[in-house]
Amino acid sequence: MARNTLAAASIVLLSLCAFTAPAQANTTATILIQTAPPPPRYEAVPPPRRSMVWVPGHWEWRGRHHVWIDGHWIKARPGYRYHAPTWVEQGGRWHMRPGGWDRDHDGVPNRYDPTPDGRPMPPRPYGDRDRDGVPDYRDRDRDGDGISNRNDPTPDGRGRPRGDRDRDGVPNRYDRDRDGDGVPNRRDHQPGNPYRN
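Just so we're aligned, residue 1 is where the sequence shown starts under the working numbering, counting upward by one.
One or more of the hints may lead you astray.
What the hints assert, rightly or not - Listed next, with one range per pair, are the computed distances between beta-carbon atoms:
{"id": "1", "residue 1": "Met52", "residue 2": "Asn151", "range": "40 to 48 Å"}
{"id": "2", "residue 1": "Val183", "residue 2": "Val67", "range": "25 to 33 Å"}
{"id": "3", "residue 1": "His189", "residue 2": "Pro38", "range": "56 to 64 Å"}
{"id": "4", "residue 1": "Asp117", "residue 2": "His189", "range": "31 to 39 Å"}
{"id": "5", "residue 1": "Asp168", "residue 2": "Gly63", "range": "33 to 41 Å"}
{"id": "6", "residue 1": "Asp166", "residue 2": "His72", "range": "53 to 61 Å"}
{"id": "7", "residue 1": "Gly91", "residue 2": "Asp166", "range": "40 to 48 Å"}
{"id": "8", "residue 1": "Pro184", "residue 2": "Pro39", "range": "52 to 60 Å"}
{"id": "9", "residue 1": "Val170", "residue 2": "Ala84", "range": "18 to 26 Å"}
{"id": "10", "residue 1": "Asn4", "residue 2": "Pro85", "range": "56 to 64 Å"}
{"id": "11", "residue 1": "Thr35", "residue 2": "Gly182", "range": "39 to 47 Å"}
{"id": "12", "residue 1": "Pro85", "residue 2": "Thr5", "range": "24 to 32 Å"}
Because the hints were derived from the structure by calculation, they are not lab data.
Ideal placement from N, C-alpha and C gives every residue a C-beta, glycine not left out.
Please work from the sequences and hints to get the whole structure.
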């Protein structure tokens, strides 16, 4: 009897493992391009439909060129406002900010909004240094200079990288002229001042 119960329990457990839902990851990629999108095309907006929202046509980047995506209807979400996809320029490069739903009508889609229900913005840890609508804690380029945080020596945009004051590629501890003013450190009265003393 115990063997039959054990066998039945193991069959049930194995069948549950076979039918578990796979984990889904929510990933987004920002593609920076140097080509501005063409001007929007004119399209006649159809008459309003009940419980539907019109998403205007827009340009998308597909591989090596822009492709026009026609406008279309999507199902409305009560209490939300839809923001259409837009192209944003940062430092001579362009990226598309995808459209999305916004519950508190502040212009920031809920997926980027640290306060999607309209509460006051929390202090600094949730700031938006480059003012692109993506909070710093989710932004892959916090200072908006076009260099991802992972590869940026100064991801917060606070000037020069630590340890190389004159940006000559030689760390300060090995640099004979830390401030790059042409006066060696041993003769420089202010080795941290880039102006000649």
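Hints versus structure:
1. Met52 <-> Asn151: 40 to 48 Å: Since the Cβ atoms of Met52 and Asn151 sit about 43 Å apart, the hinted range of 40 to 48 Å holds.
2. Val183 <-> Val67: 25 to 33 Å: violated (57 Å)
3. His189 <-> Pro38: 56 to 64 Å: Roughly 58 Å apart at Cβ, these two residues keep to the hinted range, so it holds.
4. Asp117 <-> His189: 31 to 39 Å: Cβ of Asp117 to Cβ of His189: about 57 Å, so the range 31 to 39 Å is violated.
5. Asp168 <-> Gly63: 33 to 41 Å: Hint holds: Cβ distance 39 Å, inside 33 to 41 Å.
6. Asp166 <-> His72: 53 to 61 Å: Holds, at about 54 Å.
7. Gly91 <-> Asp166: 40 to 48 Å: About 23 Å separates the Cβ atoms of Gly91 and Asp166, which means 40 to 48 Å is violated.
8. Pro184 <-> Pro39: 52 to 60 Å: holds (57 Å)
9. Val170 <-> Ala84: 18 to 26 Å: At 49 Å between Cβs, range violated.
10. Asn4 <-> Pro85: 56 to 64 Å: 60 Å Cβ-Cβ, so the 56 to 64 Å window holds.
11. Thr35 <-> Gly182: 39 to 47 Å: At roughly 42 Å between Cβ atoms, Gly182 and Thr35 fall inside 39 to 47 Å, so the hint holds.
12. Pro85 <-> Thr5: 24 to 32 Å: Since Pro85 and Thr5 have Cβ atoms about 57 Å apart, the given range 24 to 32 Å is violated.
In the structure shown, a violation is registered for the earlier hints numbered 2, 4, 7, 9, 12, in ascending order.
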